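Chains as they are written, first to last, in our numbering: chain X, 1 to 610; chain P, 611 to 835.
Hints listed in this document are in silico derivations from the structure and should not be mistaken for laboratory results.
Take these hints with a grain of salt, some might be off.
[Said to hold, decoys possible] Reference excerpt, derived from the structure (chain X facing chain P, CB under 10 Å, subset only): (1) 226; (2) 397; (3) 403; (4) 532; (5) 533.
[Unchecked claim] Restraint-style ranges between C-beta atoms, simulated for each label pair: (6) P:705 - X:559: 29 to 39 Å; (7) P:651 - X:481: 42 to 52 Å; (8) X:516 - P:752: 22 to 32 Å; (9) P:684 - X:417: 54 to 64 Å.
Remember, predicted model here, so these are calculated numbers, not experimental data.
Don't be surprised by glycine CBs; every beta carbon is placed ideally from N, CA and C.
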Amino acid sequence: MRQTHREQPVRFPSAPFWVGLAGAVFSGMLILTSGPWRLLPIEHAEILARWTPIVLCLVLGAWAWAARHRRNLLRQHLVERLITDPSSLDARITGSHSKLPEYQHDANDRLVHLQWLRLIVHHCSDGLSIVEHDLETHARRLVFGNARFVELSGYSREELMTCCDLNRLTVDTAAPEIWEDYRKCIIAGRRFHGQSSWRRPDGQENYHEWTAAPFRIGERYYSVGIDRDITERRQAEQALMAERDLFQTLIDTLPDNVFVKDLQGRFVFSNQACHRQRMVSTNDELTGKTDYDLLPPHRAKLQRDEDLEIIRTGRPILDRELCLQDERGRTRWTLTTKIPWRNQEGNIIGIVGLDHEITEHKLAEERAKHHREMLAHVTRISTAGEMAGGLAHELNQPLSAILNYAHGCIRRIQADPRQVTEMVTAIEQIIAQAERAGQIIHWLRNFVRRQPSRHTAIELNQAVREVIALVEHEARQHNIQLHLQLAPDPITVFGDLVQIEQVIINLVRNSFEAMTDSAADRRTLTIETNLNRTGQVTITFRDTGRGLDSDSRERLFDPFFTTKPDGMGLGLSISRSVIEEHEGRLWASPRPEGGVVFVVELPVRREKDK
Amino acid sequence: MPLDPTVFIVDDDLAIRQSLQWLLQSAALNVETYASAVEFFGQYDPERPGCLVLDLRMPGIDGLTLQDTLLREDIRLPIIFITGHGNIPQAVRAIQHGAVDFMEKPFDDQVLLARIRQALEMDRKHRAAQTLATRIRGKIDRLTPRELQVMEAMAAGQANKAIADHLGLSVRTVELYRHHIMNKLETHSLAEIVQMLTVYKQSQINDLRLPTRIFPGIDEEPANG
C-alpha cells in the first residue's frame, strides 16, 4: 500500500466562522457610521461609506469561493481516504453512529451520508469495487471491494488486496481487443459495461455482468465497478435454451403438422412437417403469412372461419376428421385438433393447431371394411344355401296356391263359360300369390348380391317379420315355436338392411341349431324388439337350447369358433362386426332357466340424423 | 239321412287353404277350412262324413300328431297328407297309419281330386259298414248266450242233431232255439246269419285292436280293391 495520501485532512474555516467575521465587520462599520462615526473627519466617513459595500462584496465572494473549494477538497480527501484506507473511516462512522442524531454540523452531516453510503456498499447484493488501471500493462489493482465482491471472486480479501493484477487471479473470457475499447473508455471517462466469466479458485465458473464508471485522480485511473453474478440466471437461460431446443427438435421431428397462429390468422410458429406440407423450407418463410397466402380462397376462408369460431367461443376442436385433395390430387385424411392459445391472464391470443395425417390408417380401414363386406357376402351365400330348403318351401306355397286357383278356374270355365265374375277373385289371388313368390325371389337376390354397404332407414319390426317369414318353415321342421314380441310402434334405425337381416337370420338359425338337442316340447325362440329410454333399440333372441359353457362364452364371437360339425364359425363373428359397424353392440349371456339370450343393441335413428 | 260329405282342409297357410277351397269347390265339393289341428279337432263332429286334407308341417300340433289323435279317438276319417317337401320316413309313417295318400305341393288337380273322391268313397263305405255292423250287433246282442252258441254252431254248418249232441240238448230244443234266433235276427236265410256273425266277429276283433292298428286298411279293403 502506498502511503502518499496518508496525511491529515486540510482544515478550513467553517461557515459560522465566516458569518461571525462578516457580522463583526458589519457591526464595526455600523459603529463607525453612527455614533462615533461623527467623530471622524468627514473625508474618512465618505471613504468608509464608499468602501464598505465593496469590502462586504469581496468578503462574501471570498466566502463563497472558499466554501466551494473546501467542498471539493473534502470530497477528494474522503474518496482518497476511502480508497486508501477504508478501515480508517470505520471508527469514525461506527463510533459516531449513536452520537449523531441530528444534522448539527456540516462535517457530521457528511459523515452520516458517508455512513449511509458505507452501509449501502456493504450490504449491496452486487459486487462493488474500485480498481486502479495501469493503462500500459492492462494490470488491474483492486483498491476497494465490498464483501459481495470478495465473495464472488472466490478469494480472500487479503489475496485480492495484495495481488497487483486482478487479471492473474481471474480468467476473463473477454477477447483482447475488447480491452482496447475499455482503455479508451477509461481515458475518456466513459462508462462501459460487459459480461465475462471468472474462473474461481474452487474451479467453479462465475458469470458476471458488470458496469464500470472510470474516474481519475491526478494521473491515476480508476474505475468504480458493479459486478452482478448472473451465473444462475445464465444457467437458467441455458437450461431454457436447451429445453427450447429439445422441444423444437421434438416438434420438428413430429410427423404431424404443428402450427401456431395469432388472432389475425398469421403463422407465428410451425414445425418442419408443416413446412414440408406448405412447401416452404424454414419457419421464417411461413411466419407472418395467413391461410389466404397459402391456400385456395375457399379453403382459406373455411380455416379462418373455424379459427374465428374458436377464438370467439374458446371451445377447442378435437380430432375432427377432414378429407381433402392434396396438390397432386390424391385424397388425404387428417385428424385436426385446434385449441385456443391463451396468455397468462387467460385471454385468447391465437390458435394452436395440430394436423395428424391418417390417410394410411384410413386406407387400411377401407380395405378391412372391404374384406369384411366380402366375407359377409360369402357367408350370406352360404347361409342362403343352408336356407335353400326353407326358401323352396316358401316359394312352393304361393306356387301351389297359384296352381290351385288356375286349375279351379279352368274347371269352372269348363263347367260354365259364362261364369266370369267369380274368376276375378281367383285371378286377384293368383296375382297376390305370384307377388308373394316374387318378393321372396327379390329378397333372396338382394341377400346374395354383392353390393356396397348402403345405409337407409330400416324399420326393425318389419325386418324381423321378413326374416321370420323365411325361417318359419325351418322352425316347423325342427318343431320350434317362434314367439314374436315386437314393439307396438315402428322402430327405425339407420343401416344396411341386408346386413341387419343377415344378423337376424344368423342369430335365429344359431338358436335353432342350439335347440336341436332340447326336448321337442320345449323348443321356443322368443324374439323381442324394444325401444328403451336411453335411445337404444334392442332385439332380444331368447332360446331354450343347450346354453353356453364358459369356453364357448368367451370364444363365441371369435372367427372360426364353432360347436357345429359342419359350421364355418363365421356367423356370429360377422354378426358382431356388422353390428359394431352400425355403432351398436351384440352380446350373449346364458339364461338362468337354460338357453341363451342374444341381444343386439343399435342406436335409434333420430330426426336430426337424416 | 246321411249328411253330404265334406272335405276338411287343415293348413296353416291361408293362401293354400283358400286356393284349395276354390279348387275343390269348382269340383262341386263341400269344403271347410281350418288353420290348425287344434281348431279342427275342437270343431269336428265325428258323425260328419268326408275326408281330411291335412298339412304335414304346422306350428303347434303337426299333421302326423293329429292323425294319431284321431286314431286314438277312433275317428276314421280318411286322410290325404299334403306337404311342401316331405321325406320318405314321414310318408311311410303316414301311410302305415292309414293315410290315403301323401302328396307333395304343388299337386296335379286331377290326381288330388281323384284321391279326394277315393277317400270320400272309402269313408262312405266305411260308414255304411259301420252302420251295418252296429245294426247286426244290436240284433245279436238280443240273443241269450245259449242262443249265441247255437247260432255259432249253425254258422259253422252243423246240423241240428250235431248241435244237440254238442251242447247236450234235445234236437227239439235246438229247433226251438233256431226259430227264436231267426225271429230275433229278422231273417230266414242261414247265409245271412253266417254273414252277420262274420261282421259281428270282425267288429269285436277291431274293438280289441283299438286304438293302435298294426295292419292298416283292413276295413277299407273293399274300397281299396
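Hint check:
At its closest, the beta carbon of residue 226 (chain X) sits 106 Å from a beta carbon of chain P; the interface hint therefore is violated under the 10 Å criterion. A least Cβ separation of about 5 Å between residue 397 (chain X) and chain P falls short of the 10 Å threshold, and the interface hint therefore holds. Residue-level restraint check for residue 403 (chain X) holds (minimum Cβ-Cβ distance to chain P is 4 Å; threshold 10 Å). A distance limit of 10 Å between C-beta atoms decides the matter here; for residue 532 (chain X) the minimum to chain P is near 30 Å, and the interface restraint is violated.
Among the interface hints, the one on residue 533 (chain X) is violated; its C-beta lies about 34 Å from the nearest C-beta in chain P, farther than the 10 Å criterion. As the Cβ distance of residue 705 (chain P) to residue 559 (chain X) is approximately 47 Å, the hint placing it in 29 to 39 Å is violated. At about 19 Å, the CB distance of residue 651 (chain P) to residue 481 (chain X) disagrees with the hint of 42 to 52 Å. Checking the proposed 22 to 32 Å range against residue 516 (chain X) and residue 752 (chain P) shows it is violated: the Cβ atoms sit about 59 Å from each other.
Roughly 46 Å separates the CB atoms of residue 684 (chain P) and residue 417 (chain X), a value that falls outside the hinted 54 to 64 Å.
Checked against the numbered hints given earlier, this structure breaks hints 1, 4, 5, 6, 7, 8, 9; the rest are met.
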